[in-house]
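Colleague: Listed in order, the protein sequences are those of chains A and B.
For the first sequence, the positions run 1 to 327 when the working numbering is used.
For the second sequence, the positions run 1 to 347 when the working numbering is used.
Just so you know, the hints here were simulated from the structure itself, not pulled from any lab data.
Any given hint could be a false lead.
[Said to hold, decoys possible] What the simulated footprint calls covered on chain A by chain B, stretch by stretch (three residues with Cβ under 8 Å from a Cβ of chain B suffice, anywhere in the stretch; the number is not a length):
| hint | region |
| --- | --- |
| 1 | 13 to 26 |
| 2 | 80 to 92 |
| 3 | 155 to 168 |
| 4 | 198 to 204 |
| 5 | 270 to 282 |
| 6 | 306 to 313 |
From a predicted model like this one, the values you see are computed outputs, not experimental measurements.
We put the CB at the ideal spot given by N, CA and C, even for glycine.
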Amino acid sequence: MTAGWRWPVWLSILVGIGLASTLHLAVGAKSIPWSDVWQALLAYDPSNSDHSVIRGSRLPRLWVAMVVGACLGLAGTVMQAVGDNPLADPGILGINSGAALFVVIGLLVLPGNDMSMIPLFAFSGALVAAIGVMLLAGRTPNPVRLTLSGAMMAALFGAITAILLLLDQQGLDSLRRWLTGSLGISGANLPAWLWPYIVAGMLLCLVNVRALNAYRLGAQVASSMGVNLLRMRLLSLVAVVLLSGCAVALAGPIGFVGLVVPHAARLLVGHDLRQLLLATPLLGGLLLVLADVVARTLVSPYGVNTGIVPALIGGPVFVALVLRKLK
Amino acid sequence: MSRWLTTPRRCPGLPWVGRPIDVLAALLLLVVLTGLTLYAASVGSYTTSMAQLWQSLFAADQTALPGNVLWELRLPRILLAILGGAAMALAGVLMQSLTRNPLAAPGLVGVEAGASVTMLLILVLWPQALPLPLYPLAALLGGLAVALFIVALSWRGGIAPLRLILVGVGLTAMLGAVADLLITYGNIDRVESALMWLGGSLHRSDWPQVQSLLIWLLVAGLPLLFCHRQLNLLQLGEGVALSRGLNAPVIMLLLLLCSVTLTAATVANIGVMTFVGLVAPHLARQLCGDRHGALLPLSALFGAVLVLLGDTLGRALLPPLQLPAGLVVAIIGAPYLLVLLARQRNR
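Use the sequences and the hints to build the structure in full.
Modeller: Structure representation (structure tokens):
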């Protein structure tokens, strides 16, 4: 990198996150002045109702938004790097719907399980979907075929989920918010049992950085540089499954974050994966926090589901990417 | 023997596209379809025997119970399933040939998503806005509008298949988000009925719907059976088609319009049936390869059989409950499709 670390860019990302978080804490069903937000964070007063709203419900939601955004952004980056495909995204390739289907099956059909089983269901679903899409997509990298296989897998898993929910109206009523990606569902706090999976997924991404960077030159060049391609692909698969499974377990299937964020990050920090893998979690968190702000203020006081906002933004971005890349 | 069956132009009575084996396959499918029709007409919460069925079919008095059930409930439903399956299968063949991609589904250009969002808007937000008979028309218009928008976006001096597919996937996902929004915030009862419709259910079938679907099938589907030559040429690539004297952009646009119309008509009258359009052409291709002269009629037959089977199974599996035919077909058809495509993935 000739430019080295571009401090202004990184600084503005961090400042953006800070501003967005403060905005996220301040607006909502009841707007709270900024000074009170700061006070609630710095000098918490349990008797003040505004403070307890911020500490009790908005701050946890902010953390969930950041973690989910970071997971999805990283997963999208790794998928785009490994698949050598600018259109990859856990939502478009059906991985999120696979995870969602398995969670629905786990919650509705199998009796007697607690919330800590959800990530395991989500991982197995994500794994099944990822392997299915990879089998369908074939060996030669072909973005169109990959995208279509993903769309087909998503349609299949969606159909099965729909049947299950039709059979069980109560299940539909309780799960339909989760199924469109809602940050409010996981409730009070980031569950402690999710952390190991998230950290493992992020570490796997970091272990892979050098291999992925070399892979950008092409599979042959990379393997002649001593990269173990099979190991790289397996590790990336595990990382993607862990990260998107965690995101689904936390907030339901949220699409398009993994698509938009890597492209935005590439515009900002360039193509070096060492910087990309650091920038995408930050940008993903930023995007999801902003999306959550929009979702909560759009139809106040009800609030739209968070997953819908990235899809409404991301769809046009996807189309614009296609129209620009495919002349 | 097998050589005689697969050699073209051996039987003077057949059209030149046909081979004896195609006729055999078509006959076999027709027999299966007839058998399935008879079964579907007799099974249900009111079971009729074959003799009763035969009597009531020709009985002058249709107010008696068996005749009433047959004419008012079962026959329109069976006919609608057959017509819808055929239409979706034809639309699927067209889409797969036009994009030269075995994974292209007829809903690719956003017809289904557009129609779904329109129907959800009507069913969930303004249930009183339109009289019931106009619902299919509204879905048709919504689907067509979205499809035309996607085609216009991806237009580049002709239909560019790659752009069409990817723009379609993007916009479909976006419309899916809108549909999700409506599903999440609607009244749960209305959402339930809308989900039933989105799953491709035939439970509201009636004669007017059969009529409208039949008309659309005659307008947009029948001419396709005579377009096999153009489709065969397009399969070889646009360049080859051009050099053989085909006005490729115009023909492709017309064929795409046919596919979109067929899909929209089916979605409007039955509901979303994506997997029929994906699976039926592949089933037919196992029998006759890429020869469109035989592929088109055979996949139409396969589509009819699939939807009828899905609907009958959906009615018979969990008796008081009716599973939507589209979802049943998806569950039957998708594993087969996965195996098939995984086997030929390196092509």
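Colleague: Next step is simple, just say for each hint if it's right about the structure.
Modeller: Each hint tested on the structure:
| no. | hint | result |
| --- | --- | --- |
| 1 | 13 to 26 | violated (count 0) |
| 2 | 80 to 92 | holds (count 3) |
| 3 | 155 to 168 | holds (count 9) |
| 4 | 198 to 204 | violated (count 0) |
| 5 | 270 to 282 | violated (count 0) |
| 6 | 306 to 313 | holds (count 4) |
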